[in-house]
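Colleague: Each chain is listed here by its residues.
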Amino acid sequence: MTSYTSRCCIAFMALVFLISCGVPNNPYPKSERNEEIYYSTFVEEPKHFDPAISYSSDEYRFLQQIYEPPLRYHYLKRPYTLIPLTAEAVPQPRYYDARGRQLASEAPAASVARAVYEIRIRPGIMYQPHPCFAKTESGALRYHDLEGADVSGFDEIKDFLMTGTRELIADDYVHQIKRMADPGLSCPIFSTLADYILGMETYSAAIANGQADAPFPGVEVVDRYTYRIILNAKYPQFVYWLAMPFFSPMPKEAIDFYNQPAMKERNITIDRFPVGTGAYRIETLLAHKEIVLVKNENFRVERYPSSGEPGDREAGLLDDAWEVVPFIPKVVYKLEKEYIPRWNKFLQGYYDSSGISSDTFDSAIAFNETGDPSTSEELKAKHIVLRTSVEPTTIYLAFNMLDDTVGGYTPEKRKLRQAISIALNYEEYIEIFRNGRGVVSHSPLPPGIFGYEEGEAGINPYLYNWDASTNRPIRKSIEEARQLLAEAGYPGGQDRKGNPLIVSFDNTWTSAGATSQLTWMRNKLEQIGVTMESRTTDYNRFRDKVKNGNFQIIYWGWHADYPDAENFLFLLYGPNSKTLHDGENAANYDNPEYNRLFEDMKNMENSPDRLARIREMNRLLQRDAPWVFVYHPVTFGLSHQWLKNNKPSSLGGGNFKYLRIDIDQRSGSRQAWNKPIVWPIWLCLGLLILGTIPAAITIWKRERGTQ
Amino acid sequence: MITYIIRRILYAIPILIGVNLIVFFLFFVVNSPDQMARKILGEKNITQEDVDNWKKQNGYHLPLFFNAEASDGGYFTETIFFQKAAKLFVFDFGTSDTNNIDITAQISQRMWASLAIALPTFILGLLVNITISMIVAYYRATYVDFWSTIVAVTVMSVSSLFYIIGGQWLFGKMLRLFPISGYDSGVNMLKFVVLPVVIGIISGIGSGIRFYRTIFLEEVNRDYVRTARAKGVSEAGVLFKHALKNAMIPILTNVVLAIPLLFLGSLVMEAFFAIPGLGSFTIEAIQAQDFAIVRSMVYLGSVLYIVGLLLTDISYTLVDPRIRFG
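In order, the protein sequences belong to chains A and B. If you read the first sequence in the working numbering, its first letter stands for residue 12, the second for the next number, and so on. If you read the second sequence in the working numbering, its first letter stands for residue 1410, the second for the next number, and so on.
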């Protein structure tokens, strides 16, 4: 053996030895292995960190750890409950009529000319350390007069050596509301807010004309810690917007700092590097690879909640009650676009929590005799915990009410839509295609929203009968659907001239599983004699078809901005028609009675009166059937046993501060689960050597001319 | 040679204009600026006013190719095509449409991650493929040749996705020898690079062996090889000293052409191994309908391809003294 070959063999053996000694598949640096770091993943690169622009859940999961609007949702309580975050209390609006006289809180909306929200924030809240606040010895802002050469080579905020901070004041909130009116920022909720906040539209137009100091009567600073928002109408849901990042504070120093040409040239902007008062701040932002959050050194003393919903105590979610948060000093998010590696790394213990895809559902989840889900034996062996929650989301099929065939408001048209709704058995759909991860919907309102009703009162009587013996709704039979179809003028699925009833279904379903879903829908409709044609297009075409009303049936969904019935029922309000008014009412449903009830209901506080109106609206929807109510998704979340206080929350953000990690448990589990297996390497090496022997003999023979 | 290079560079200009035109045309056949704006701004609460505002902010409010209302004769210059495409010729890629990030900075940052995988895969793959091909050529018309052909065709027939998922499952999950996915800089990069490189070599070995084997077989049947054999040169000597040297021209064509494209990375490999390279950068841009990034990457790809062709021509003169540029 030559010296070169022997050196190679020694190097190879050393590599194998090193592999067999440690945990070679650990993707994290050694220095992090015993640190309290929460590891998770993100699938889409966040595009915006400016709270005036961002409107995506992919971005909110980060933004809500950094920015603090005045209100938030209670971490544990369900239904979602608003509580103060930086505010001292949840503001109660004061109503005034056109003459400026104060009205009672239950005053009818028509008499309200002004609604005033006065928000007082808590003193002593400090911003994260940030160079925009850094000062020189003379007290001037250090980095507010930068030239290109000053930031040469700078890519991130941490490249600035000096930082500073200051106290949160009311002016920061007012500044942010003004920013939302800036047309240059394209705030996605501007149109909604401009309908309510006094003078917002005019102020925006003035900004567009370069009048930066134009008056904005809808917001004002009262004192250092108090500000007012003035609405031009009664809008009880406004308070929910105050829990969204749009209404976070934005210090003027930050905007001045980032608006310097030298900073823009380096692409160091507020849209990438937030400045907040939350429990965390961004330490590393490599959106194409990883995002690292670390504890905000200036974060105030805040404590873990001491109460929750029934079952939270038993689940250990109140074990840390009154403890000071945050528990975890660092959060690392890795970009993982593909599900398979993400799932395998979760099983190896390298990610602390995970969702479940349909591909791995059967190996991860088992259902008991009563139909309740739990983790499979494999996951139980690893003590992985399953938590489920119903999303504040509604999925539906919308009929185009402007269409000649499936639209319209006559009894026949209603019956046609009801027949189709009965035939599409979404209990079966959820079992087959969603692995049971959904609650069949009877109205637009999902569980947990005021107006949602359990039991017999909540069912859709046009599609279901109530079975008193089992206390469950029973979907009406196919025979009843056929009967409805006949009464609609399509006996056996044919019109009076004998032409078959063909309905088109516009969709963007191009995935591998789409064919089976479309086949399922076709088969279900064929049961009543209706032929379904699928029209699959790309999303741009689909969106155009919906906007132009060029469809019969579409599949769509809505995720709530806030937990109020108004945020779901407005999806069927006539003036919100997608085709006629570019609103969110994709079905173009326009029932004057429904519209009137909606206008009454939307401005009411939750009360028996409001519930009665919601019931009435639901009955109209169930009768007219502009939607096939499909389901409300149920999220299945998995987490390792070492991750404590993990409660899924679709609306409330800013939750990392409540999570805790048992680091010893995690290290031990990772070590035990990831011992390398090296014998196959030796086996392959042996086979390779054996395989080369005949070849070497052949060469030897050839070279000597014996073969 | 200088004249030849200048002439080739001049030829490249109309090609690049054509590529830009085609990309521009194809992109806007599928997406209108309105659709781009709606995709980027999101679905909820977006009005036409918001869309128009976004278009104005990002320069998509102009006509596509011809501006009939332009003042001072800017019929062609005050268009989206001119405004967006002209800067590419001076390699000013501008900022992305979705989040205003500097595209040049992203390319220079992400290029290294792509190269970290592509370069070792390419070099080691080349060595492995040439070595095995020579062995197969040496054993031509024997059971070694027969079985290597079967194995090579089988390896070629399997999707690269299979190797990726299978490799992650076997080496990452079952044997636990490497991280399943991820990327880091510096020395830590090594443990993330080994698995994709090994998978990249294995998945390319089938086509590589078939290609290089054909080249070597062509060479070993030439007259100069017969002469060498007649002079008593051993079979190994014939193959490694004489045939290899003369097989360099077709090998160079293949190799030099591929080198510039290594910068662009691999779309699938980077997505599955969470490698933040240019392949994933491009695919994300396509999904997000970010025209600024798409046109920049296509332009860069075209330039690199042209450079590759030019380098191939130049390299011929280096390995074959008979070739001269006219």
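In case anyone wonders, no lab produced these hints; they're calculated from the structure. Warning: the hint list may mix true and false statements.
As the list claims (entries may be wrong) - Some chain B residues well away from chain A (every beta-carbon gap over 10 Å; in silico):
#1 Ile1449
#2 Thr1504
#3 Thr1507
#4 Val1553
#5 Val1607
As the list claims (entries may be wrong) - The calculated PhoX-like cross-link candidates involving lysine-lysine, where the alpha carbons are at most 20 Å apart (straight line), are:
#6 A:Lys686 with B:Lys1600
#7 A:Lys556 with B:Lys1448
#8 B:Lys1448 with B:Lys1465
#9 A:Lys393 with B:Lys1600
#10 B:Lys1582 with A:Lys391
#11 B:Lys1465 with A:Lys41
#12 A:Lys686 with B:Lys1465
#13 A:Lys558 with B:Lys1448
#14 A:Lys41 with A:Lys391
Even glycine gets a Cβ: it sits at the ideal position worked out from N, Cα and C.
Colleague: Looking back at the hints listed earlier, which ones does the structure fail to meet?
Modeller: 1, 2, 3, 4, 9, 11, 12 and 14
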